[in-house]
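Please build the complete structure, drawing on both the sequences and the hints.
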Amino acid sequence: MTEVQTKSAAAAPAAAGPAPAPANKRRHWREAATGWLFVLPFAVLLVAFLLLPMGYALKLSLYRSTLVEGEVFAFLDNYQQAFDDPLVREGVVRVLLFGLVQTPLMIGIALVAALLIDGATSRFSRVFRLAAFVPYAVPVVIGTLMWGFLYSKETGPLSFDFLSSGVVLGSLGNIVTWQWAGYNMIVLYAALQGLPKEVYESARIDGAGAVQIALRIKTPMIASALILATLFTIMGTLQFFTEPLILQPLNPGAITQHYTPNLYAFHQAFSFQQYNYSAAISFLLGAVVFVGSYIFLFATRKRSALR
Amino acid sequence: MNVRNSSLGRKLRRSAVTVVATLTAVTLAACGGGADEATKADGPVTIKVWAWYPSFQGVVDLFNKTHTDIKIEWTNAGAGQDQYTKLQTALKAGKGAPDVAMLELQEIPTFQLTKHLVDLGKYGANDVKSNYVDWAWKQVSTGDSVYAIPVDAGPMALLYREDIFQKYGLTVPATWDEYKAQAEKLKSASGGKSFITDFGASDGGFLTGLQWQAGAKPYTYDIADPGTISVAVNNAETKKVLTYWEGMVNAGLADTTAYGTTDFYNGLASGKYATYIAAGWGPGYLQSVAKTTSGKWRAAPLPQWTAGADAQGDWGGSSFAVTDQTKHPEQAATVAKEIFGATNTDAWKIGIDEAYLFPTATPILESDAFMKKEYEFFGGQKVNEVFVPAYNAIGEFAWSPFNSYNFNQLTTGLGQAIEKKTSWTAAIDTAQANIAQYATQQGFKVQ
Amino acid sequence: MKASRGSVAAHVVMGLMALYFLLPFWWLLVAATKDNDGLFGSAPLWFADFHLIDNLKLVFTQENGIYLTWLRNSAMYAVLSGIGATIVSALAGYAFAKLRFPGRGALFALLLGLIMVPATALVLPTYLLMAQLDLVDTIWAVILPSLLNPFGVYLLRVYTHDSIPDEMLEAARIDGAGEFRVFRSVALPAMRPALVTVLLFTMVASWNNFFLPLVMLSDNQLYPLTVGLRTWYMSATIGNGGAALFNVIVAGSLVAIVPLIAAFLLLQRHWRGGLTVGAVK
Numbered sequence: 146m147t148e149v150q151t152k153s154a155a156a157a158p159a160a161a162g163p164a165p166a167p168a169n170k171r172r173h174w175r176e177a178a179t180g181w182l183f184v185l186p187f188a189v190l191l192v193a194f195l196l197l198p199m200g201y202a203l204k205l206s207l208y209r210s211t212l213v214e215g216e217v218f219a220f221l222d223n224y225q226q227a228f229d230d231p232l233v234r235e236g237v238v239r240v241l242l243f244g245l246v247q248t249p250l251m252i253g254i255a256l257v258a259a260l261l262i263d264g265a266t267s268r269f270s271r272v273f274r275l276a277a278f279v280p281y282a283v284p285v286v287i288g289t290l291m292w293g294f295l296y297s298k299e300t301g302p303l304s305f306d307f308l309s310s311g312v313v314l315g316s317l318g319n320i321v322t323w324q325w326a327g328y329n330m331i332v333l334y335a336a337l338q339g340l341p342k343e344v345y346e347s348a349r350i351d352g353a354g355a356v357q358i359a360l361r362i363k364t365p366m367i368a369s370a371l372i373l374a375t376l377f378t379i380m381g382t383l384q385f386f387t388e389p390l391i392l393q394p395l396n397p398g399a400i401t402q403h404y405t406p407n408l409y410a411f412h413q414a415f416s417f418q419q420y421n422y423s424a425a426i427s428f429l430l431g432a433v434v435f436v437g438s439y440i441f442l443f444a445t446r447k448r449s450a451l452r
Numbered sequence: 003m004n005v006r007n008s009s010l011g012r013k014l015r016r017s018a019v020t021v022v023a024t025l026t027a028v029t030l031a032a033c034g035g036g037a038d039e040a041t042k043a044d045g046p047v048t049i050k051v052w053a054w055y056p057s058f059q060g061v062v063d064l065f066n067k068t069h070t071d072i073k074i075e076w077t078n079a080g081a082g083q084d085q086y087t088k089l090q091t092a093l094k095a096g097k098g099a100p101d102v103a104m105l106e107l108q109e110i111p112t113f114q115l116t117k118h119l120v121d122l123g124k125y126g127a128n129d130v131k132s133n134y135v136d137w138a139w140k141q142v143s144t145g146d147s148v149y150a151i152p153v154d155a156g157p158m159a160l161l162y163r164e165d166i167f168q169k170y171g172l173t174v175p176a177t178w179d180e181y182k183a184q185a186e187k188l189k190s191a192s193g194g195k196s197f198i199t200d201f202g203a204s205d206g207g208f209l210t211g212l213q214w215q216a217g218a219k220p221y222t223y224d225i226a227d228p229g230t231i232s233v234a235v236n237n238a239e240t241k242k243v244l245t246y247w248e249g250m251v252n253a254g255l256a257d258t259t260a261y262g263t264t265d266f267y268n269g270l271a272s273g274k275y276a277t278y279i280a281a282g283w284g285p286g287y288l289q290s291v292a293k294t295t296s297g298k299w300r301a302a303p304l305p306q307w308t309a310g311a312d313a314q315g316d317w318g319g320s321s322f323a324v325t326d327q328t329k330h331p332e333q334a335a336t337v338a339k340e341i342f343g344a345t346n347t348d349a350w351k352i353g354i355d356e357a358y359l360f361p362t363a364t365p366i367l368e369s370d371a372f373m374k375k376e377y378e379f380f381g382g383q384k385v386n387e388v389f390v391p392a393y394n395a396i397g398e399f400a401w402s403p404f405n406s407y408n409f410n411q412l413t414t415g416l417g418q419a420i421e422k423k424t425s426w427t428a429a430i431d432t433a434q435a436n437i438a439q440y441a442t443q444q445g446f447k448v449q
Numbered sequence: 035m036k037a038s039r040g041s042v043a044a045h046v047v048m049g050l051m052a053l054y055f056l057l058p059f060w061w062l063l064v065a066a067t068k069d070n071d072g073l074f075g076s077a078p079l080w081f082a083d084f085h086l087i088d089n090l091k092l093v094f095t096q097e098n099g100i101y102l103t104w105l106r107n108s109a110m111y112a113v114l115s116g117i118g119a120t121i122v123s124a125l126a127g128y129a130f131a132k133l134r135f136p137g138r139g140a141l142f143a144l145l146l147g148l149i150m151v152p153a154t155a156l157v158l159p160t161y162l163l164m165a166q167l168d169l170v171d172t173i174w175a176v177i178l179p180s181l182l183n184p185f186g187v188y189l190l191r192v193y194t195h196d197s198i199p200d201e202m203l204e205a206a207r208i209d210g211a212g213e214f215r216v217f218r219s220v221a222l223p224a225m226r227p228a229l230v231t232v233l234l235f236t237m238v239a240s241w242n243n244f245f246l247p248l249v250m251l252s253d254n255q256l257y258p259l260t261v262g263l264r265t266w267y268m269s270a271t272i273g274n275g276g277a278a279l280f281n282v283i284v285a286g287s288l289v290a291i292v293p294l295i296a297a298f299l300l301l302q303r304h305w306r307g308g309l310t311v312g313a314v315k
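Residue numbers (this note's numbering), protein chains in the order written: chain V, 146 to 452; chain G, 3 to 449; chain L, 35 to 315.
No lab work stands behind these hints: they were computed from the structure.
Fair warning: this is a prediction, and the values are worked out from it, not measured in the lab.
There's no promise every hint is true.
Calculated cross-link-like contacts (lysine-lysine; reagent style DSBU-like; alpha-carbon spacing at most 35 Å) [to be verified]: (1) V:LYS298 with G:LYS422; (2) V:LYS204 with G:LYS117; (3) G:LYS351 with L:LYS91; (4) V:LYS298 with G:LYS242; (5) V:LYS298 with G:LYS169; (6) V:LYS204 with G:LYS94; (7) G:LYS94 with L:LYS91; (8) V:LYS298 with G:LYS94; (9) V:LYS298 with G:LYS293; (10) G:LYS50 with L:LYS91; (11) V:LYS298 with L:LYS91; (12) G:LYS447 with V:LYS204; (13) V:LYS298 with G:LYS423; (14) V:LYS204 with G:LYS329; (15) G:LYS187 with L:LYS91; (16) G:LYS447 with V:LYS298; (17) V:LYS204 with G:LYS97; (18) L:LYS91 with G:LYS384.
For the chain L half of the interface with chain V, some residues (derived, Cβ under 8 Å), not all of them [unchecked claim]: (19) LEU158; (20) LEU234; (21) TYR267; (22) THR271.
Covered, in the sense of this in silico footprint (three residues per stretch, anywhere, with C-beta under 8 Å from a C-beta of chain L), are these stretches of chain V [said to hold, decoys possible]: (23) 226 to 235; (24) 269 to 283; (25) 429 to 441.
Quick reminder that beta carbons are idealized off the backbone N, C-alpha and C, glycines included.
What follows is the structure, encoded as structure tokens:
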């Protein structure tokens with residue numbers, strides 16, 4: 146990483162160099178055309194699969210359709226209904242709670258693991274690194290199926306009903322942790338590897354212990370990676386969907402169809418044909434995630450990686 | 003949904019078309035996809051069928067072998083709700099639906115409401131009417147309009163473990179009161195290790211079957227008058243059934259593990275459950291999931307609410323309907339009528355022995371191959387001698403035209419009541435209020 | 035490194051965590067050798083009657099061997115989406131980093147904003163749009179949306195900006211190379227480590243994709259493994275006379291993750307290499 150940074154420092158002045166000579170006017174036109182040509186496929190995809198669906202969702206959400214009468218313009222009725230819907234509220238509260246507990250827990254585990262493998266150089270730490278990362282390679286559907294079997298009271302190893310309503314959120318959280326902690330660990334570990342070694346060598350000479358170095362020096366220095374990992378985790382938890390969908394048949398009384406806002410929107414659309422209401426919920430959810438992550442990024446902008 | 007007809011919708015669609023078309027035109031052209039295959043004047047007509055019966059390939063092959071003019075192309079588009087979801091969206095989108103789709107009986111009004119089912123009465127469906135008992139035919143038709151051809155049904159009965167009954171000195175109950183007495187006896191004799199049964203609150207069909215037996219009429223709805231419905235899901239009979247089972251569950255007599263889970267199968271195999279309240283497809287199904295208990299099970303009629311009565315209910319069952327997207331309604335109707343037809347004994351051999359279906363067609367039901375079939379799993383008992391009379395005694399029953407919502411309200415309400423140990427009757431009152439509100443929102447005149 | 039008390043403690047913690055991460059894999063390996071009776075009735079973490087071969091046979095013969103079709107589909111979606119998304123991202127990332135064109139700043143700001151749009155919220159409207167274009171239930175419905183990878187563009191833009199000096203490109207231009215040739219023969223080779231990372235990540239994301247194909251596809255001949263296995267799981271848990279294929283599902287899950295784990299072990303160094311680009315700034 147140090148190498149890359151040096152290069153970047155060298156490149157920066159070149160980019161901000163003196164204004165180009167007029168003789169190069171044609172070249173600039175050519176460059177602009179090439180630039181647009183190069184981003185064109187991406188721009189088209191962006192419009193087709195992000196902006197258009199967003200606009201369409203917004204439009205759908207302003208209409209209302211009924212089984213008997215068909216479609217009528219409803220303006221904000223669907224949003225009003227969503228705000229008044231206790232099932233939406235229940236789901237939103239649940240994912241917020243989930244995000245609040247899950248995010249620090251998982252990032253914490255990932256950080257501890259990353260600091261451990263960064264500190265240790267034994268062969269075992271390499272094996273451990275792989276073991277922690279491998280769950281990321283497993284499709285969420287399959288990971289959830291496996292845990293579903295392990296959670297079974299009669300046929301699982303722990304003879305405990307992990308899916309009863311009191312503990313099911315924690316059980317779902319465990320699947321997420323299992324699946325993503327290793328991935329976040331690698332992200333943080335990669336950041337740690339990029340740190341200049343001299344900084345903590347000198348701290349060590351000053352008599353700082355390994356734990357102190359890890360917490361006081363290394364952790365603050367990878368703040369931007371931590372912020373990014375946290376952001377993606379928050380976004381993921383707010384959109385919580387696949388795990389509860391897969392485990393639903395195992396205890397539908399605890400994992401209801403309105404368990405998370407996303408699940409609720411899915412069932413509104415695909416089980417009950419309430420496309421308009423579903424679009425309103427999706428749009429609200431999208432707006433909340435979008436605004437939330439923007440605020441988070443703005444608040445941490447000095448340290449965040451996105452620029 | 004009429005988004006497509008609004009002007010904004012048209013504009014949006016047009017811009018979407020332009021953008022995505024640019025992107026895909028090249029790739030599509032390169033792969034030679036997207037072009038409609040011209041319908042050939044000669045050769046067999048291809049009929050697309052969606053169904054999720056086990057071992058269905060054999061039945062399809064059989065049909066294709068015996069029909070030179072029609073070729074079935076079968077797709078398993080998912081079981082139950084998965085398929086309905088896809089079918090609804092395809093029907094709504096105006097394309098992508100099959101010619102013929104498997105529909106469970108409770109779903110027919112739902113699909114009929116949006117006018118996406120072809121009236122098979124115009125294609126000779128009434129000719130086969132005499133093969134089906136009255137209640138079953140009424141599930142798929144109104145007057146001379148026929149919206150599906152029945153395939154299988156799920157008359158209910160009590161499957162019990164004879165060895166456990168003997169061990170604890172239990173007797174086969176004739177009424178639900180006796181059933182509860184046996185449950186109490188079993189609980190104390192086994193030290194609380196065995197339950198009389200597992201109550202699957204997650205299964206809307208099972209819950210409805212029990213209500214059906216008790217004579218409940220949650221909905222009054224006639225396909226011929228689609229704008230009006232009366233909702234009474236918290237009727238007295240339903241409440242009687244729920245209060246009974248709430249008592250069973252709260253007293254620790256019945257377990258509440260969701261059906262279809264590994265815990266449930268484990269309970270059936272390990273003797274945790276002494277009985278299994280089953281439908282007509284249950285014997286074959288049980289045999290496939292609890293092989294190790296072969297020979298220990300027996301079948302008896304479903305316990306009654308009134309001693310000496312013969313009230314029955316149905317749990318599950320399916321039919322074949324033809325969708326309005328078919329270009330060949332005539333041939334599609336032939337598929338619906340004949341694939342599991344009343345005289346198609348070869349198809350039914352697969353249906354009965356491999357797919358565990360309980361046929362609705364009387365000629366098949368009353369054939370020796372079915373009625374006299376001895377089940378080794380049931381110690382050689384001819385279990386269909388229990389199920390067939392039950393089937394014939396089932397009364398009429400009306401479903402709502404929004405069954406997904408109905409089932410969801412039932413199962414979510416009860417599931418949560420069980421999880422949170424709150425009142426079941428309060429849960430069904432809430433379901434009533436929700437469903438009535440939903441129906442009103444959907445534009446029904448709710449009575 | 036000396037075996038201090040701290041180091042021992044660190045290894046104990048790592049050992050316990052490794053056990054946690056590997057436990058489900060051990061379970062899967064054991065469970066794949068059992069038939070349904072074994073699954074429902076034997077100790078979950080140890081072997082019972084050995085039926086692995088029978089189970090594998092069932093996996094590959096169920097519904098006329100449709101599992102193999104799903105496996106092929108998953109691989110096809112992963113490869114096409116992966117390569118396609120990488121090409122699109124490479125072009126855009128390079129242009130954002132190295133080419134001056136009007137609207138660049140605005141478009142890039144838009145991109146940064148859109149990284150945060152939750153993908154799942156868009157699946158439903160995308161479905162409805164696709165339905166009007168007749169693309170639902172085709173492989174394009176799965177592949178085309180997967181080609182859009184704003185984070186990949188961002189990553190490649192950062193990497194290109196930082197690791198390819200402008201002088202290098204300038205030198206090629208002076209030699210008379212056209213813009214596309216500069217990109218292809220100078221920039222592209224230098225971007226390789228980051229390209230491999232983007233490729234691997236989009237391929238894994240596509241291999242693991244579930245929601246999009248779940249919604250878009252109804253023809254089971256087009257399903258990827260994730261959607262296919264869930265179909266079996268649903269008919270097993272529907273408890274409604276559906277076939278209880280638990281042993282097939284378990285063995286099928288094992289077969290599905292083996293190629294991925296193998297790929298991970300073989301391509302280890304690319305993961306770390308590329309992740310650094312996005313993480314450290």
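Cross-check of the supplied hints:
1. V:LYS298 with G:LYS422: holds (18 Å)
2. V:LYS204 with G:LYS117: The hint holds at about 26 Å.
3. G:LYS351 with L:LYS91: holds (25 Å)
4. V:LYS298 with G:LYS242: holds (31 Å)
5. V:LYS298 with G:LYS169: Given that 35 Å is the threshold and the Cα spacing comes to 26 Å, the pair holds.
6. V:LYS204 with G:LYS94: holds (18 Å)
7. G:LYS94 with L:LYS91: Roughly 39 Å separates the two Cα atoms, so the pair is violated.
8. V:LYS298 with G:LYS94: violated (42 Å)
9. V:LYS298 with G:LYS293: Holds, at roughly 21 Å.
10. G:LYS50 with L:LYS91: The hint holds at about 28 Å.
11. V:LYS298 with L:LYS91: holds (29 Å)
12. G:LYS447 with V:LYS204: Satisfied, since the Cα-Cα distance of roughly 28 Å is no more than 35 Å.
13. V:LYS298 with G:LYS423: holds (19 Å)
14. V:LYS204 with G:LYS329: holds (33 Å)
15. G:LYS187 with L:LYS91: The given pair, whose Cα atoms are some 46 Å apart, is violated under the 35 Å limit.
16. G:LYS447 with V:LYS298: violated (46 Å)
17. V:LYS204 with G:LYS97: holds (22 Å)
18. L:LYS91 with G:LYS384: holds (33 Å)
19. LEU158: holds (5 Å)
20. LEU234: violated (10 Å)
21. TYR267: holds (6 Å)
22. THR271: holds (4 Å)
23. 226 to 235: violated (count 0)
24. 269 to 283: holds (count 13)
25. 429 to 441: holds (count 6)
When held up to the earlier numbered hints, the structure conflicts with 7, 8, 15, 16, 20 and 23 and fits the remainder.
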